[in-house]
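Read top to bottom, the protein sequences are chains W and C. Numbering of the first sequence is given in this note's numbering, commencing with residue 1 and proceeding in unit increments. Numbering of the second sequence is given in this note's numbering, commencing with residue 468 and proceeding in unit increments.
I should point out that these hints are in silico values taken from the structure, not numbers from a laboratory. Incorrect hints may appear among the rest.
Unchecked claim - DMTMM-like cross-link-like pairs, simulated, lysine to aspartate or glutamate; straight-line CA separation at most 20 Å:
hint	chain 1	residue 1	chain 2	residue 2
1	W	450	C	522
2	W	450	C	519
3	W	225	W	353
4	W	431	C	522
5	W	16	W	28
6	W	431	C	519
7	W	444	C	519
8	C	525	W	439
As the list claims (entries may be wrong) - Simulated DEER-style distance windows between Cβ atoms:
hint	chain 1	residue 1	chain 2	residue 2	range
9	W	9	C	509	52 to 62 Å
10	C	510	W	397	44 to 54 Å
11	C	500	W	286	34 to 44 Å
12	W	309	C	511	46 to 56 Å
Quick caveat, the model's predicted, so the values are computed rather than measured. Idealized CB from N, CA, C, for every residue including glycine.
Residues per chain are reported as follows:
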Amino acid sequence: MEDQILALTAEVAAIKGAAEVTNRMFAEAYYYITIPLMVLIHAGFLLYEMGATRLQNVLSSGVKNLLAFAFTIAAWYLFGWWFYWALPTWPLDLAAGAGYMEISGLEYANSIAWAWGDSAQYMGPNMGDNASGVFWGAFALFAATTASIASGALIERIQTVGFVICAVVLGTAAWGIAAAWGWHADGWLVTEFGYHDFGAAGLVHAVAGFFALGVLLNLGPRVGKFNADGSANHLAGHNMPLTVTGLMLIIVGFFGFLMACIILPGEGWSWYGDRATTIYGTPMTLSALAFNVPLAAAGGIIGAWVMTRDPFWMMSGCLAGIISVASGLDVYFGSTVIAVSMLAGIILKPCADWLEGLGIDDAVGCVTVHGTIGLFGVVMLGILGSGVPGLGAFAPEDTVAISLFGQIVGAVVMFLLGFVPGYVVSWIVNKAGMLRIPDAVQIKGLDAVKVPAQAYPQGMTSPESES
Amino acid sequence: MGYFAESFAELYNADGWMDMGMYIGAGSSAAGWWTVIATVMLVGVLVKGNTDEQDHYK
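With the sequences and hints as input, model every part of the structure.
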């Protein structure tokens, strides 16, 4: 009998060990898969931007886009990751101490997020750590996505290195701090105001969109965009199919982006042993995304089609539809998603026209799609989702719930976190003579001036080269 | 440089940081030095890139 009990105990221990290994490897693979899926966002941005660019500037736009991706990821490794872990409680706690969950603050960040000293054990290959790398990788792609969002608005007249500096500030400091405050269980926007932004409508999209607006104010329009009387000319990109296909690839990547926003169960870093949650520890399922993301894409396309009949704006509407419900993808009902995303698609083009009427040359509608619709999405959750607890059951009893007031506070913070750094850093870059490409070079074409290759060496010529 | 263990058997018995891929020595200052080198290279590339870019616009 005793032997049987011992054998059974050993067998249970072996099964438990196997289950732990399976869960650990599944979690590691799950987040790992989100990384290449998010790279598809960048493949999409690359096609989208190059297609929206006129023929004489195609490769220059491609170079700019690739460098935003590369430098943001490197900078995220060197210091962006640290922002996220260090600043959730700052500036409410000026000393940036640890929050209630004790996974934040200067001391914590210093111990896990620097690539030197003992902290470096979490910043490279480590056989005892299956989590840090995949989380860092997913966050690095979030950062690169945020930086690339702003890129499209600035095409055809921003200098390459000046843009890289702006992109690094956006992808590391602006987004890192936004995520620390509003996308972390210790973030003060979450704990004090119940701010909820599951799919990052505010802290990625609005921050990036309004960062772009700040840069645009210093950068100015492309040569030929506006006439002397203030009326605008449409500067069509050279390849609409490329642009529309790129936008669809961005949507594919969004599925990876959003699945990376889920915290899986059963690991040491999980909120629960038996259920998946949002990053706030509130319960959710992947099925919620399976319902809501396609519905939001569909609603956005349909809404934009009603207003424009234009495939560019229909695919922009597709993005806008998802962004408009991103804050509450974990809690919205499917029919609600259809209604809200259609509304986003409907208001999209009028909002972009209004911005252009102010004399701002946003080449791809970035400020509207990501900035305006991002804030719209944050506030809509306040209207539709008030009362939902802001944190999981592990949180203090006085945790605030989602509210319209809290979401409006979050929207204002996200606007400022985007616009102010965007305006300030581009102002400094401009003063250094590194922001705007001289008008004569814009007229000549950027590829001819600074890219040692041709986009279509045998197939296409620009009107400028023909003349 | 070098590696702190002579075999992967030692690696699995290592205490704490099990540095498998970097071959820099667990807990050493090498990680920091590589970080300095990478940072200097990135900044240098930006400076050189900007110098070249301004030349293109002249």
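Straight-line alpha-carbon gap residue 16/W to residue 28/W, limit 20 Å = 18 Å, holds
Restraint check for residue 431/W with residue 522/C, where alpha carbons must lie at most 20 Å apart | 18 Å, holds
Given the hint that residue 431/W pairs with residue 519/C, does the C-alpha gap stay at or below 20 Å?
-> 18 Å, holds
Can the suggested window of 46 to 56 Å be confirmed for the beta-carbon pair residue 309/W and residue 511/C?
-> Hint holds: Cβ distance 50 Å, inside 46 to 56 Å.
Regarding the pair residue 450/W and residue 519/C, is the alpha-carbon distance no greater than 20 Å?
-> 9 Å, holds
Are the Cα positions of residue 525/C and residue 439/W separated by 20 Å at most?
-> With Cα atoms ~12 Å apart, residue 525/C and residue 439/W stay inside 20 Å; holds.
Starting from residue 225/W, check that the Cα of residue 353/W is at most 20 Å away, please.
-> Cα-Cα ~14 Å, so holds.
Under the criterion that the straight-line Cα-Cα distance not exceed 20 Å, is the pair residue 444/W, residue 519/C satisfied?
-> The given pair, whose Cα atoms are some 18 Å apart, holds under the 20 Å limit.
Residue 500/C versus residue 286/W beta-carbon gap, inside 34 to 44 Å or not = 42 Å, holds
Hint check for residue 397/W and residue 510/C - Cβ pair distance inside 44 to 54 Å | 49 Å, holds
Outcome of range test on Cβ distance (residue 9/W, residue 509/C; 52 to 62 Å) | With a Cβ separation near 55 Å, residue 9/W and residue 509/C satisfy 52 to 62 Å, so the hint holds.
Mind checking the alpha carbons of residue 450/W and residue 522/C for me, to see if they're no more than 20 Å apart?
-> 9 Å, holds
Checked against the numbered hints given earlier, this structure breaks none of them.
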